[in-house]
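Q: Chains as they are written, first to last, in my numbering: chain L, 1 to 345; chain A, 1001 to 1345; chain C, 2001 to 2345; chain R, 3001 to 3345.
Bear in mind the hints are in silico, worked out from the structure with no lab data behind them. Some clues are possibly wrong.
[Unchecked claim] List time: in silico SDA-like cross-link candidates among lysine to any residue, alpha-carbon distance up to 25 Å:
1. L/165 - C/2167
2. A/1165 - L/261
3. C/2165 - C/2088
4 protein chains.
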Amino acid sequence: MQRVAVLTEPDHVVLEEREIPEPGPGQVQVAVRAVSVCGSDVHYYDHGRIGGFVMHGPLVLGHETSGVVSAVGPEVEAGPGGGVTVGTRVAVEPQAECGRCEQCRQGRYHLCPQIAFFATPPIDGSFAEYVVVPAHRAHPVPDSLSDEAAALIEPLSVALHAAAKADIGPGTRVLVSGAGPVGLLCLQVALARGAAAVVVTDVMALRREAATEYGATATVDANDHDTALAAVDDVLGQADVVLECTGVQPAVDLAVAATAPAATVVLVGTGATVTLALDVVQSRELVVKGTFRYAHVYPAAIELAASGRIRLDSMVTSHHPLEDAVGALLAARRDPLALKAVVHP
Amino acid sequence: MQRVAVLTEPDHVVLEEREIPEPGPGQVQVAVRAVSVCGSDVHYYDHGRIGGFVMHGPLVLGHETSGVVSAVGPEVEAGPGGGVTVGTRVAVEPQAECGRCEQCRQGRYHLCPQIAFFATPPIDGSFAEYVVVPAHRAHPVPDSLSDEAAALIEPLSVALHAAAKADIGPGTRVLVSGAGPVGLLCLQVALARGAAAVVVTDVMALRREAATEYGATATVDANDHDTALAAVDDVLGQADVVLECTGVQPAVDLAVAATAPAATVVLVGTGATVTLALDVVQSRELVVKGTFRYAHVYPAAIELAASGRIRLDSMVTSHHPLEDAVGALLAARRDPLALKAVVHP
Amino acid sequence: MQRVAVLTEPDHVVLEEREIPEPGPGQVQVAVRAVSVCGSDVHYYDHGRIGGFVMHGPLVLGHETSGVVSAVGPEVEAGPGGGVTVGTRVAVEPQAECGRCEQCRQGRYHLCPQIAFFATPPIDGSFAEYVVVPAHRAHPVPDSLSDEAAALIEPLSVALHAAAKADIGPGTRVLVSGAGPVGLLCLQVALARGAAAVVVTDVMALRREAATEYGATATVDANDHDTALAAVDDVLGQADVVLECTGVQPAVDLAVAATAPAATVVLVGTGATVTLALDVVQSRELVVKGTFRYAHVYPAAIELAASGRIRLDSMVTSHHPLEDAVGALLAARRDPLALKAVVHP
Amino acid sequence: MQRVAVLTEPDHVVLEEREIPEPGPGQVQVAVRAVSVCGSDVHYYDHGRIGGFVMHGPLVLGHETSGVVSAVGPEVEAGPGGGVTVGTRVAVEPQAECGRCEQCRQGRYHLCPQIAFFATPPIDGSFAEYVVVPAHRAHPVPDSLSDEAAALIEPLSVALHAAAKADIGPGTRVLVSGAGPVGLLCLQVALARGAAAVVVTDVMALRREAATEYGATATVDANDHDTALAAVDDVLGQADVVLECTGVQPAVDLAVAATAPAATVVLVGTGATVTLALDVVQSRELVVKGTFRYAHVYPAAIELAASGRIRLDSMVTSHHPLEDAVGALLAARRDPLALKAVVHP
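Please take these sequences and the hints and turn them into a complete structure.
A: And the structure:
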């Protein structure tokens, strides 16, 4: 038996004893070492839903996961880059695709309509001692990567996937809208891709300071649209790429206003709707892209973090045992300087 | 002296005598033969403005223009595809770029901040006997193209430019939203690019019939969202590409709802703002593109029309002398079957 | 038992009785109706090998295949566009991928290192009464498509895949090098994508005449390099896209010489090596692309042929029973006007 | 009057007194501070020609140039990023396009058929005290960039332009073929774009050591094809991108052999012809791209060097006064460790 932290209804997390899941064909069992908390976990904790994803029963939260392979199921073959065996330290890519639909066959497995994704109803997550995943979604990590950093490969993958949609490279002037954890990772990724300059906007001074620490060329107070727009213009001129990480309308307005002609705006932050100034989108021929989780990027994320080009450990601001999962969920609310709380089951 | 139809203020067009403009260096003078009316002309006639473009004085409307070169200025060189001389029949690309800014140097001359575009304040258009344009914007047309069709090369260029942003080809399932003149041209262009199927939506039955005549695989009544969405799904499944030609929110909502994962939505229709369902844009990883006029496409448009692959003449539903410019501007309002009114100065 | 035509060694084809293969999980059995002959079949018949693909035992030739589903294995699900059942007429995509390797997961299943492709040693082809294929590789065809046309969906897919690598659309000036069956299909596909002009080169006058019949803007005698280059230039100016369908060095030389700056050259024709004028490739910044079979294009090919935009039936120049498989293999050699010989098992 | 080093015929460089050129409309005059020597300069010195570019009279060599604006002609406007004035330190982009042809209008000014490029017959280069260039080709550099580094912005631009053709980013496994100056710059650029790993091949041990110093993940002795291929495979697996910087056939063979499916090979090194294994190019669907000089990249190159992400100063291995231009041209020949010789007029 194993211990699992279960969200039974909004605001209620209980520790339960459950069967340890056994790996089926093509799967491995992972003994969980670290699970970092994502804003989506907090949202389920508060509201029991995110948009169309609604809890209809108990849900185990947690999807940013690292651990050690503890059992290997039948029919597990070595994949590209070698395979996993009992004892391999891994970053867990928390999704399992059907492998047979049009999206899977086109290489867009993250858009598979049957995708099973950790901590997305009705799929349980990793606030647990053991999880089972497809073997090819358990990605080996080198010793240089801590358990916490290996868990943070997940949000780093979100940032890498988003940035890859925008063709950032030398010469690119980037605006990152929002200096939360994903924004800070987008900032780091843009720099790792050689961006000419990265300006980060946020409404909170402490977050802007964090952006400066992580290498922002400049930060801009987003509280007043016109002042902020002028400040972006002073540092950056116009943005060739915007990585919008807030999902908040005033931030979107600022992001769109700050673009150069032919710029790309990647919508990373979540929300119900987004309203765009159509005349600006047209007269500048903007390209606005939705981004969803990630696909095919875990190995690149691991490599970037292991080589030291992306800093992950410093983003961990608190540690919690499984019985304090709620403490981890509420960490960001209690401390405006908190970035990433990590649960250690 | 020449006669010119001038919009002095909203709802007031007067005929004036004006000097015939002489071609400067690199320019040609064109004796205008046909000017087809665009919705933007009607919008200036009604409101004196379109978004941020505001009349502050008299404005000559008309930008969809054909004619015959009547004088050639100094320093006119033969360009790619040969040059023009007095007597050459031409389709007039109604824009003059600065040629020196970053946008011009990057090949996006239509996004030049200094662009001078016909019938956009304060630049006069072609409801006139003579206009002057850069020689390289006067594109020779073959005899097989009528004067009216040569004028319609302009909106055809809008459709070609929009469709080119969406990589339509064999296998592509296309939704065209709106069966006005631009929608019908987008439909024809999608077919000319080899699209697998093109479904056209509109709220008016007569317009849907026109779409059928121009080759739509099916048409769908857009009045009720859910019914329309189901109807699109019946014929097309999901749309790989949407060419949104209305700028109206319910049509945008339908367009976004009808998309396949990884689809492209091109925003062709104009308006103040557009609101997108962010969770759909993200969970399908949609690409939403603004399109603005056109660049580099007049020769392709002329070739397609001249070879008979795009039908333009049948879209002309009325002819007007210059003194009846108002009749041309109001034609679409008076007759729901009207597509394109043409002024012959 | 069924009859099968087996190539036992070069120049020797014998009819054998073999077991009828039963469909396994996810597979269907197809009763073969038509198999058109490809140059690669003839090459195995003559030489027993194509480059690194070498016969080490008897081989059943034939991979351009249509038929009727005669049995359905277990675990066959309906796929996108519906499913197949006993009695469904199908075009057979003659490849089965592993579905688990990096190439399959990236959506490039045709590059799967474990791909099993008909009539490629040691995989048998379709000169047989029955074949077994993965259910998702048996593509339903409408009644409007003849059995022969359904078989020709295979080479049409080659042409579609090649043309898709070159972004052909309105305005594109295309050079097709070689007027054999694949060249004629590339010609038709380029036109179906809206190409501005398609010039076809060949050394044989009869083949050039065929190109004219299939819609070539012009044809050029490729026998003398300089004359041919001047002739291409006369009609086309420079080529934005070349579809090189011969694999022969003088044709490659002509193709490269005829390019415009920033042009794309797709290498469709096969051979051991190809030598490029490096200074031309560099000073024009050419993009040279290898193309291999196809992926994801059968439905588009079927749609294009069924809608009449591509003519396939007229390419069939002879019919042969299974016992005359050799006659089909030698048809092109005996008759310079022959395009496609079809075997009906 | 100024002093100029003139190549009168192969192997003969003389110092001459010449008129100081005055800047015309839109031009600036630059007092030259540093000119680094390129392999093409040495090639003209040795052979009087490079491929189709042939000296028919005296030629001033040198095109990698920095200096200080010494005079500004009429009609010089501030460009994007501000303008230049007397006293501005600049990196000189050594090309002047016509600005009116199809290539210029498409944004590919470096492919302009009328391009005037320094030290390419009959255009003189910068082994001179003063040169004149279009104002928009004189790019301001910050004080943090030395004169020598500002000259080396030119070859860095070559590397940036080449790497941009290959979409290098996080996760990309890169092979750089050849560890000369351009290879070392390509290596640095690949790392600056976030490449997962960069392996550099060369036949000379000393050059491989230099590659290690500049950050290569590993280096491989290219002398024996099979051994080298196995060594690349050990470190990198297959290469997603190859930057081929030698132009030598055995290196091209190795580069092609080392590719992953769907890889991109950029041909940077120059030569007469290149022969490709057609079956490999096809069965892996390789994309082979020619690259030519650069366009639109000087600002990005300056930014990367100024921010310290690319090391240029350490590549300068000797300094020469103008009267020792020959010493600079021969430096690489005399010293196998020499990378960049710089002339200071």
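Q: To test your reading of the hints: which numbers does this structure violate?
A: 3
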